[in-house]
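Dock chain D against the given chain W, drawing on the hints supplied.
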Amino acid sequence: MSEKFSATLRIGDLNDFIAPSQGCVVSMKSGSARLVDNNKPKKLAKAAPATKTLETDPVKISLKDCLACSGCITSAETVMLEKQSLDEFLSNINSGKTVIVSLSPQSRASIAVHYGLSPVQVFRKLTTLFKSLGVKAVFDTSCSRDLSLVESCNEFISRYKQSRIDDTKESKSFLPMIASACPGWICYAEKTLGSFVLPYISSVKSPQQSMGAIIKHHLCQSLGLRPSDIYHVTVMPCYDKKLEASRDDFVFQDQADQMTTEVDSVLTTGEVLDLIQLKEVDFSNLDESPLDKLLSNVSDAGNLFGVRGSSGGYADTIFRYTAKTLFGHDIKGPLDFKTVRNSDFQEVTLEVEGKTVLKFALCYGFRNLQNVVRKLKNGKSDYHYLEIMACPSGCLNGGGQLKPKSGQSGKDLIQALETAYNENVLVTDPFENPIVKQLYDEWLENPGSEKAKRHIHTEYHPIVKSITSQLNNW
Amino acid sequence: MSLLGEEEEALKLSEVQTLKGHTDRVWGLAWNPATGADGVPAILASCSGDKTVRIWQQQQQQQQPQPQQRSCSSPSFHCKFRIDAKEALVLTLRFSFVLITTEARELLFGKQLATASFDAMKMLSLLLEDRHDRTVRSCAWSPSGKQLATASFDATTAIWEENGSDFECVSTLEGHENEVKSVSWNSSGSLLATCSRDKCVWIWEVLPGNEFDCVSVLTGHTQDVKMVHWHPTVDVLFSCSYDNTIKVWAEDGDSDDWHCVQTLSESNSGHTSTVWALSFNVTGDKMVTCSDDLTVKVWSVDIVRLQSGDIHASWCHLCTMSGYHDRTIFSVHWSREGIIATGAADDAIRLFGESEDQSVDGPAYKLILKKEKAHAMDINSVQWSPTGNRLLASASDDGTIKIWKLESMQGTLNHSSPNTL
Chain W
1 MSEKFSATLR
11 IGDLNDFIAP
21 SQGCVVSMKS
31 GSARLVDNNK
41 PKKLAKAAPA
51 TKTLETDPVK
61 ISLKDCLACS
71 GCITSAETVM
81 LEKQSLDEFL
91 SNINSGKTVI
101 VSLSPQSRAS
111 IAVHYGLSPV
121 QVFRKLTTLF
131 KSLGVKAVFD
141 TSCSRDLSLV
151 ESCNEFISRY
161 KQSRIDDTKE
171 SKSFLPMIAS
181 ACPGWICYAE
191 KTLGSFVLPY
201 ISSVKSPQQS
211 MGAIIKHHLC
221 QSLGLRPSDI
231 YHVTVMPCYD
241 KKLEASRDDF
251 VFQDQADQMT
261 TEVDSVLTTG
271 EVLDLIQLKE
281 VDFSNLDESP
291 LDKLLSNVSD
301 AGNLFGVRGS
311 SGGYADTIFR
321 YTAKTLFGHD
331 IKGPLDFKTV
341 RNSDFQEVTL
351 EVEGKTVLKF
361 ALCYGFRNLQ
371 NVVRKLKNGK
381 SDYHYLEIMA
391 CPSGCLNGGG
401 QLKPKSGQSG
411 KDLIQALETA
421 YNENVLVTDP
431 FENPIVKQLY
441 DEWLENPGSE
451 KAKRHIHTEY
461 HPIVKSITSQ
471 LNNW
Chain D
1 MSLLGEEEEA
11 LKLSEVQTLK
21 GHTDRVWGLA
31 WNPATGADGV
41 PAILASCSGD
51 KTVRIWQQQQ
61 QQQQPQPQQR
71 SCSSPSFHCK
81 FRIDAKEALV
91 LTLRFSFVLI
101 TTEARELLFG
111 KQLATASFDA
121 MKMLSLLLED
131 RHDRTVRSCA
141 WSPSGKQLAT
151 ASFDATTAIW
161 EENGSDFECV
171 STLEGHENEV
181 KSVSWNSSGS
191 LLATCSRDKC
201 VWIWEVLPGN
211 EFDCVSVLTG
221 HTQDVKMVHW
231 HPTVDVLFSC
241 SYDNTIKVWA
251 EDGDSDDWHC
261 VQTLSESNSG
271 HTSTVWALSF
281 NVTGDKMVTC
291 SDDLTVKVWS
301 VDIVRLQSGD
311 IHASWCHLCT
321 MSGYHDRTIF
331 SVHWSREGII
341 ATGAADDAIR
351 LFGESEDQSV
361 DGPAYKLILK
371 KEKAHAMDIN
381 SVQWSPTGNR
391 LLASASDDGT
401 IKIWKLESMQ
411 GTLNHSSPNT
421 L
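First to last, the protein sequences are chains W and D.
Residue numbers for the first sequence follow UniProt numbering, beginning at 1 and rising by one.
Residue numbers for the second sequence follow UniProt numbering, beginning at 1 and rising by one.
None of these hints come from the bench; they were simulated from the model.
Where a beta carbon is used, it is the ideal one built from N, C-alpha and C, also for glycine.
Careful, some of the hints might be misleading.
What the hints assert, rightly or not - Partial list, derived from the structure: chain D residues whose beta carbon lies under 7 Å from chain W: (1) Gly175; (2) Cys214; (3) Ser216; (4) Val217; (5) Asp252; (6) Asp256.
One chain only, chain W, in its complex shape (with noise of 0.2 Å):
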């Protein structure tokens, strides 16, 4: 199973393809030697708060203790057997929690180039068939990703103007600033790079947290409900995302003292894929129900609302708005991408009275990653903005879409996902989303706003490399 993480977290963590029950540096005993650990005493306290049914009970490695430990990261393929698996969600449905299922529109676009139908289709078919099962509502990340991205614009403008009015050596941590939103690269960053690269990653959460976010921490109180009743399950492309929701800064205490987490459980696209199959259900000729426009942004057309990029299109948006906002350059069409050493290098710049005053950068996969990261810290990166994602091509060639079909080869199927995730989408302003505008009016007040920081921005830690993880690697 290990092969289904992205590469990049393959590589970076390759010393062990191990179960933790073969040679996990964090001991698996139930009982003493576990709480002398002294890296994890607080992933102790949150795991098991009854330290007695610690002693007798069989202590389980969660995946906070993989995420926490700089040893293998496969381990937690195991432990996320156990909490992000299919039957996990499956039997939280009947559990009595109020279940919402957020769906990622690279996951839409897998589905619809599988069974050959729109994407649209695909929301509504998915709908039905969660409402079937007893889902409360199905929403769609790509309204929260608006959210994310316009905390980024508001990001960016604030650590280019200081860049510029900085002048000491502070200031080059300020940019380039580097894209949040895939956790396989920050799970690399985090765990292989450290601390110098770790300040120029966007603090802004991934889609995927801020739709979290706001479900538990804005819209139960809507609803009426506490954040621990509702189970949230998001629908993603890619298997590091489980990692993600599983990181302890997305875990919080809510009002009844209960430990909550954002996102409960994370499905892949194929895991959906497995669903339908295990339902029997015929997806092609499945009712098309209206879709949950509480956090769904969709016309009255039925169209859904993006932007260019399939990897969430932060480059692309904060180009735009930055030229717009500080340049006055108004930038109508696609923005003018050159490829640079091979097609998952891309840059794009903006030069006024012919100086560069914007060089962005799509930089996918693990190879190309190496090379920008290798210019950041020799001080030769001359970027501005990176969106780096771990995988090639993208969030599209994610580890959770559906493989091609036999025959198919990869390069066709990735090209059949770009148009189909670009089917019925229109290009809007993310600033333009009514739902995003009335987060802020409701909740969130203004971009960078304390409440914004405190509910859609995260922080990393480096991991330090402990003596037993170091052990481990003979």
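For chain D alone, coordinates are given in the frame of chain W:
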């Protein structure tokens, strides 16, 4: 090959010098390809568990030997020496060098050998005193001989350039998760490959200004990758591993990335234990591999197909030399003139040559020479000098490097011009 026919009994491997200086086991050796001919003194780099790389240079003899004794194509080795003020240790080493002068050699080996006229090597430069934190496992000169790449257990690869009397680290390649085991330049010097215990093989493109761009990160081996080596004429990369396989990597024009195009494993007559090293013959149509399974295997390819750009031209098992080794074979190297040398854990050096009496199955190779107790401990590397002067360097766990000369008992081989061999 005529010299291996009737005359094979007449060959001997004579030790011409022991290079002392490393304070820990010596892992790797690299002859500078731009030296050792046309009057340019040969240069050899060695790397060690003592975290240093040492550069040894053959020195022209101070005393002009008699014209008939002097063989310009086989200059002797002396060693220039740079004293690093930081290194008191190095200062003491200065006095431990064995300088073999012509006179001394004549005294020791008789006149016959003196015609082989070997100038002692001397340490020219000491690198990496504070660059690598751990063992330097492998080193490789660029084809131009201007740059030296060093791979270390500290997970980095360093690129060095001669700067006057000194070597300067001009670039550091990071990315491997842990110990880098081997480094190799392609034939044009435009690409550099590294491999690591992290099971990955990385390919870097060499750009102007000592910039290196990562071109590909190749995953496929399931264990520690012991060695990477480029084909001598075509940009196809070979790696061998603790997973008992040899993998062939080539660039796929379609996706502009590199892929594994062939895996040589037990199922296609490959090795049954760790593959430690590989080497090519001069034309590149044959490859030799050595293993912990105590065998040496020779593989062949349709070189015309390969050179015409068909990266899928497959490598086929040609023959296996078994029964010759009883301990792990760590190193194998094919000389320009067709002699395969092995260095093994039994401290011996063995030489194999293509047999005259070919069997119906194709060429056979036979042991033509075994040098017992070549070193006091395991031999980690054997490297023929690239100039065809029949010099072989060996590196050992005993901390020494030895320079050997392959010659005939009668010295007849040296009367002909060694360069034509």
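For each hint, the structure was consulted:
1. Restraint check, glycine 175 of chain D versus chain W: the minimum CB separation of about 5 Å is within 7 Å; hint holds.
2. Taking 7 Å as the C-beta contact cut-off toward chain W, the hint placing cysteine 214 of chain D at the interface holds, the least distance being around 4 Å.
3. With a cut of 7 Å, the hint placing serine 216 of chain D at the interface with chain W holds, because the nearest CB-to-CB distance is about 6 Å.
4. With 7 Å as the threshold, the beta carbon of valine 217 of chain D comes within range of chain W, its nearest partner Cβ sitting at about 5 Å, so the hint holds.
5. Checking aspartate 252 of chain D against chain W by beta carbon gives a least distance of about 11 Å; that is not within 7 Å, so the hint is violated.
6. Of the supplied interface hints, the one on aspartate 256 of chain D holds, with its beta-carbon coming within about 5 Å of a beta-carbon of chain W, less than 7 Å.
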